[in-house]
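Asks: Listed below, chain by chain, are the residues.
Protein chains: 2
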Amino acid sequence: MTDSELLATAFEEAKVGLSEGGIPIGAVLVRDGDIIARGHNRRVQNNDPLEHAEINCLRNAGRIGSFRGLTLVSTLMPCYLCAGAAVQFRLTRVIAGESQNFAGARKFMESQGIEVVDLDNRECIDMMARFIRENSELWHEDIGL
Amino acid sequence: MTDSELLATAFEEAKVGLSEGGIPIGAVLVRDGDIIARGHNRRVQNNDPLEHAEINCLRNAGRIGSFRGLTLVSTLMPCYLCAGAAVQFRLTRVIAGESQNFAGARKFMESQGIEVVDLDNRECIDMMARFIRENSELWHEDIGL
Numbered sequence: 000m001t002d003s004e005l006l007a008t009a010f011e012e013a014k015v016g017l018s019e020g021g022i023p024i025g026a027v028l029v030r031d032g033d034i035i036a037r038g039h040n041r042r043v044q045n046n047d048p049l050e051h052a053e054i055n056c057l058r059n060a061g062r063i064g065s066f067r068g069l070t071l072v073s074t075l076m077p078c079y080l081c082a083g084a085a086v087q088f089r090l091t092r093v094i095a096g097e098s099q100n101f102a103g104a105r106k107f108m109e110s111q112g113i114e115v116v117d118l119d120n121r122e123c124i125d126m127m128a129r130f131i132r133e134n135s136e137l138w139h140e141d142i143g144l
Numbered sequence: 000m001t002d003s004e005l006l007a008t009a010f011e012e013a014k015v016g017l018s019e020g021g022i023p024i025g026a027v028l029v030r031d032g033d034i035i036a037r038g039h040n041r042r043v044q045n046n047d048p049l050e051h052a053e054i055n056c057l058r059n060a061g062r063i064g065s066f067r068g069l070t071l072v073s074t075l076m077p078c079y080l081c082a083g084a085a086v087q088f089r090l091t092r093v094i095a096g097e098s099q100n101f102a103g104a105r106k107f108m109e110s111q112g113i114e115v116v117d118l119d120n121r122e123c124i125d126m127m128a129r130f131i132r133e134n135s136e137l138w139h140e141d142i143g144l
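If you're matching them up, the sequences are chains A and B in order.
Residues 0 to 144 in numbering that gives the first Met the number 0 are what the first sequence lists, from first letter to last.
Residues 0 to 144 in numbering that gives the first Met the number 0 are what the second sequence lists, from first letter to last.
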């Protein structure tokens with residue numbers, strides 16, 4: 000699958016989250032071009048401040064032994080929590096749908112040797128911008144501000 | 000409560016984890032000297048690679064609105080995943096029982112303005128050293144090696 004196709008699946012996950020009343024951020028975990036896990040932000044649904052999309056996705060992968068060398072795709076540039084997970088579990092590549100609504104921890108990931116790609120995707124930008132505009136308190140809680 | 004008293008409670012959590020067949024790392028979250036949440040590593044118990052002690056502890060705190068300014072205590076120096084959580088949620092202080100068995104992400108946390116204290120506690124060192132010696136595969140999986 001191409002980066003754009005992978006992002007499209009992460010975007011589907013984000014829409015699932017939105018339909019559940021949650022924060023619309025989705026993620027997929029990729030091994031050799033194939034999606035092996037997917038997830039979305041479930042802070043509201045699970046009443047759990049740690050359940051960011053990337054964390055939910057990695058958790059859904061389960062105990063696969065090693066995450067080394069895998070690619071993590073998220074509709075939004077990962078925050079420090081999720082970037083920390085990517086670094087600790089030795090992922091090699093992170094693809095973000097966009098970073099206009101949230102700059103995230105790109106430099107930190109790159110400083111740790113992770114290749115970071117920002118697809119600057121219009122659909123991701125628009126969905127998140129609208130959500131933040133309409134739910135600013137929830138969003139600020141989500142990123143710990 | 001003093002730093003040592005807080006660590007003693009985290010150590011109790013680690014022992015609970017060990018008695019459950021899990022990895023003996025415990026954590027507590029502190030506001031104004033009082034413990035507001037506690038937790039321990041539950042990777043084995045929950046079959047969840049993300050359930051490090053510090054993550055479990057923060058999760059147990061629930062949606063408290065803001066974690067800003069709180070102190071996180073762990074029996075072991077936090078890894079990048081847990082350090083990333085501390086950075087993202089704006090904790091100001093991290094107390095580690097020890098860093099001899101695992102150096103963790105101390106420099107990263109300090110570079111982000113978190114005060115890090117290493118108590119170099121003998122009980123924490125001995126428990127973790129013994130566990131790693133007897134369960135090296137499980138330990139390496141836990142830290143993503």
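No lab work stands behind these hints, which were simulated from the structure alone.
One should not assume that every hint holds.
Unchecked claim - Where chain B lies over chain A, by a calculated footprint (3+ residues, C-beta under 8 Å): (1) 37-47; (2) 60-67; (3) 71-82; (4) 120-133.
What the hints assert, rightly or not - Not the full set, but computed from the structure, chain A residues with beta-carbon under 10 Å of chain B: (5) Ser18; (6) Gln99; (7) Ala104; (8) Val115; (9) Trp138.
Note that the coordinates shown come from a computational prediction; the quantities given were computed from them, not determined experimentally.
Glycine included, each C-beta is placed from N, C-alpha and C at the ideal position.
Asks: With reference to the structure, classify each hint as holding or not holding.
Replies: Hint check:
1. Counting residues of the region 37-47 of chain A whose CB lies closer than 8 Å to any CB of chain B gives 3, which reaches the minimum of 3, so the coverage claim holds.
2. Coverage of the region 60-67 of chain A by chain B holds in this model, with 8 residues showing a Cβ closer than 8 Å to a Cβ of that chain against a need of three.
3. Counting residues of the region 71-82 of chain A whose C-beta lies closer than 8 Å to any C-beta of chain B gives 5; at least three are required, and the coverage claim holds.
4. Here the region 120-133 of chain A counts 0 residues with a CB under 8 Å from a CB of chain B, which misses the bar of 3, and the coverage is violated.
5. For the restraint placing serine 18 of chain A at the interface with chain B, the shortest Cβ-Cβ distance is roughly 21 Å, beyond the 10 Å limit, so the hint is violated.
6. Interface hint status for glutamine 99 of chain A: violated, as the beta-carbon distance to the closest one in chain B is roughly 19 Å, over 10 Å.
7. At about 7 Å, the closest approach between the beta carbon of alanine 104 of chain A and any beta carbon in chain B falls short of 10 Å, and the interface hint on this residue holds.
8. Checking valine 115 of chain A against chain B: minimum C-beta separation of about 15 Å lies over 10 Å; hint violated.
9. Annotation: interface hint on tryptophan 138 of chain A violated; nearest CB of chain B at approximately 13 Å, more than 10 Å.
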